[in-house]
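Protein chains in written order, with the working numbering: chain A, 774 to 1034; chain B, 774 to 1034; chain C, 774 to 1034.
No lab work stands behind these hints: they were computed from the structure.
This structure is a prediction, so every number in the text was calculated from the model and none was measured.
Do not rely on the hints blindly, as some may be mistaken.
With a straight-line cut-off of 20 Å between C-alpha atoms, the simulated EDC-like cross-links for lysine to aspartate or glutamate are [stated by the list, open to error]:
id	chain 1	residue 1	chain 2	residue 2
1	A	K914	C	E983
2	C	K989	A	E1019
3	B	K914	A	E1019
4	B	K989	C	E1019
5	C	K914	C	E1019
6	C	K914	B	E875
7	A	K914	C	E875
8	B	K914	A	E975
9	C	K989	A	E975
10	A	K989	A	E975
11	C	K914	B	E983
12	C	K1030	C	E1019
13	A	K989	B	E1005
14	B	K989	C	E1013
15	C	K1030	C	D944
16	A	K989	B	E1013
17	B	K808	B	E975
18	A	K914	A	D944
19	C	K914	B	E975
20	B	K1030	B	E875
Sample of chain A residues at the chain B side, in silico, Cβ under 7 Å [as the list claims (entries may be wrong)]:
id	residue
21	L930
22	L987
23	A998
The beta-carbon is built from N, C-alpha and C at its ideal position, and this holds for glycine as well.
Here is what each chain is made of, one letter per residue.
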Amino acid sequence: MTRIVEPAENPPPEHVVVERQGAVQTIRLARPEKKNALTVAMYTRCVEALRAAHADEAVRVVRLIGQPGVFTAGNDLADFMQAPFDANSPVLQLLRSLVHAEKPIVAAVDGPAVGIGTTLLLHCDLVVATDRARFQMPFIKLGLVPEGGSSVLMPALAGLQRATEWLMLGDPFDAHAAREAGLVNRVVEPAALEETSWALCERLAAQPAEALRLTKAMLRGPQRAATAQTIEAEAAVFMERLRSPEAMAAFAGFLSKAAPR
Amino acid sequence: MTRIVEPAENPPPEHVVVERQGAVQTIRLARPEKKNALTVAMYTRCVEALRAAHADEAVRVVRLIGQPGVFTAGNDLADFMQAPFDANSPVLQLLRSLVHAEKPIVAAVDGPAVGIGTTLLLHCDLVVATDRARFQMPFIKLGLVPEGGSSVLMPALAGLQRATEWLMLGDPFDAHAAREAGLVNRVVEPAALEETSWALCERLAAQPAEALRLTKAMLRGPQRAATAQTIEAEAAVFMERLRSPEAMAAFAGFLSKAAPR
Amino acid sequence: MTRIVEPAENPPPEHVVVERQGAVQTIRLARPEKKNALTVAMYTRCVEALRAAHADEAVRVVRLIGQPGVFTAGNDLADFMQAPFDANSPVLQLLRSLVHAEKPIVAAVDGPAVGIGTTLLLHCDLVVATDRARFQMPFIKLGLVPEGGSSVLMPALAGLQRATEWLMLGDPFDAHAAREAGLVNRVVEPAALEETSWALCERLAAQPAEALRLTKAMLRGPQRAATAQTIEAEAAVFMERLRSPEAMAAFAGFLSKAAPR
């Protein structure tokens, strides 16, 4: 397989492909050569795509999908360390956009969904995953802390003991564990992911439009303000951690291990 | 099987049979010829039965059960469209009665439990279901929105993704899915439903009376005010939706399909 | 097996064995001759052990474990009835210590975990149990009410219907049910409990120390005040119940049944 390696500091827009088909806008992470590791440019592109979906009356449902075999390896650490992480960082803007999205979001996960790749699913309305999906929130291994609302939403969903295991040990878990915990709606074979997630989007798009909008507002609305606040509070601790010797040492160790041999 | 069709506008009290046996008051939905579809008169009868159970010191436990093969098809739409739905509607009175009930309620579900047939279970303390029970909250298909507290209680119980699936797609789910989500305590064969639900009621009735009352108060009390408020807020949106062209069109389509061919 | 019966009113400190090995402090309930029934002295010893763990910078993780075949039969009723239960009771002090613990607690359960033996697990961060573990909260059978935060935390974890079953019927449930409900992280064979719980402690102790501390703070912090308040509110009702004729009769019946034949 030929891999085209793009320079990380200036990713072209093609690393996120946005396409509208009927009432469904698909946001496709498309940087397979880096396992869909998310750069600042990719976060920005996702935020724009969500904004466009919100503004376009023809769009009723958003689908978020990765590549065959990988949803996302998480934050691109090399890229991440070049841009200061602050309250305006695109990653935070993406999380805010997801929390405040008014149209339903269907996520489709195959392969690894690391870090924010797992926490962003908490803000999606339906999640389909393949039996080779692997979820992981390994923040602690880098000396970091839970983000994306996970410190509150994951215990609320999966219970404190299970959320603790995932966030304190940082081990990966599979689609069946995720389904049992309530994070995943359906587990399908890899070949069926595209079609199953598409069919769900089409079914949602066919529902009475205003009832659909109101149903999402009623399900998500009561927790929206608290969730947004949790994300900001977590980000404040996260930023402090990034500057800590503990995290710096963990990052250095991780990057040296991740370096090409 | 001979079916006696009663005029919907004036259902006799027999559509809800209330009987006390020992310390257990059974409320039995008994309109099998219409799949136990709930009329204004039936809601009223249930409210009266709950009030009587509350007032009667001899009653310690309430059992709510349907007919073999059907719990309830939900709101009787024809009946519903004849009476204006407002803040004093018997359906709302029933939900309020369930939320404020001080004595434990055991629900027994066989066959379809549609709409309020599923949402009222959120307010029951123990739920037994048969392996042919089918739960469904298809409000959205009628252009309507979650009711009965389900927009908040269902995500709290089953997680947001699962609650979203049930409320946004409106698909039925079986007793095993309901048990896994925590809505159902036990799944039994249809022939065992009457006996199993009865045995649970008897066991509850045999517990120290004041400890039983306090246990329910401690489990339900902390959420009672918020739940009551959610029900009212949902009802306000629900009433607005009923007057919307979207819902009217959906109702018209549904009733034309449901009409005898 | 020779059983050494100690006088309940003056249990030696050996009924709780505290040992530090590396960064892990193990608190081992060690009164097998009374199925680890908890006395005032044992609660006090546990509180001291948690305080020592908190003060000792070398300790990063606490492990709480019982004996092979028994976690704890719960409160030692004979001992309990000799000491007045008030706001300073060691059992309450233990619950408060668990709620406010800043270092992760790993619980390891084999055999019965009765009453507080189950409710204290709600305050542990990871729980390993064997396939012969039996959880039970039979307060109601003694005319008592939920304690240890269970009236709020158990519904939040397992859902209201499941929590109701466990607290209103008081039946035991096994490790698989506990795992499904989210109370237990892993189910292992009895022979593997010591090692598995130890390995989890070691893995936690190896995480970046400050990230570990912050992760627990972020997961537990948001609920800590409310949980502490629930425990106090429950205790107030519990104390009142102890003085009730209903509970006294239930206790008398229980003790007469439990007396040696």
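CA of K914/A to CA of E983/C, is that 20 Å or under?
-> holds (11 Å)
Between K914/C and E983/B, is the straight-line Cα distance small enough, at 20 Å or below?
-> holds (11 Å)
Holds or violated: A998/A as interface residue toward chain B, Cβ cutoff 7 Å?
-> Status violated, d = 14 Å.
Proposed proximity, E1013/C with K989/B (alpha carbon, max 20 Å) = Holds, at roughly 17 Å.
For the pair supplied as a hint, K914/A and D944/A, confirm whether the alpha-carbon distance does not exceed 20 Å.
-> With a Cα-Cα distance of about 10 Å, the restraint between K914/A and D944/A holds, given a limit of 20 Å.
Given the proposed pairing of K914/A with E875/C, does the C-alpha separation stay at or below 20 Å?
-> holds (19 Å)
With a cut-off of 20 Å on the C-alpha distance, tell me whether K989/A and E1005/B pass.
-> Cα-Cα ~18 Å, so holds.
With a cut-off of 20 Å on the C-alpha distance, tell me whether K914/B and E1019/A pass.
-> violated (53 Å)
Grab the minimum C-beta distance from L987/A to chain B and call the hint holds if it beats 7 Å, violated otherwise.
-> Status holds, d = 5 Å.
For the pair supplied as a hint, K914/C and E875/B, confirm whether the alpha-carbon distance does not exceed 20 Å.
-> The hint holds at about 19 Å.
Hinted pair K989/C and E1019/A, Cα distance within 20 Å | Status holds; Cα separation ~17 Å.
Within a Cα-Cα threshold of 20 Å, do K1030/B and E875/B meet the stated pairing?
-> violated (41 Å)
In terms of the numbered hints stated before, the structure departs from hints 3, 9, 17, 20, 23, listed from lowest to highest.
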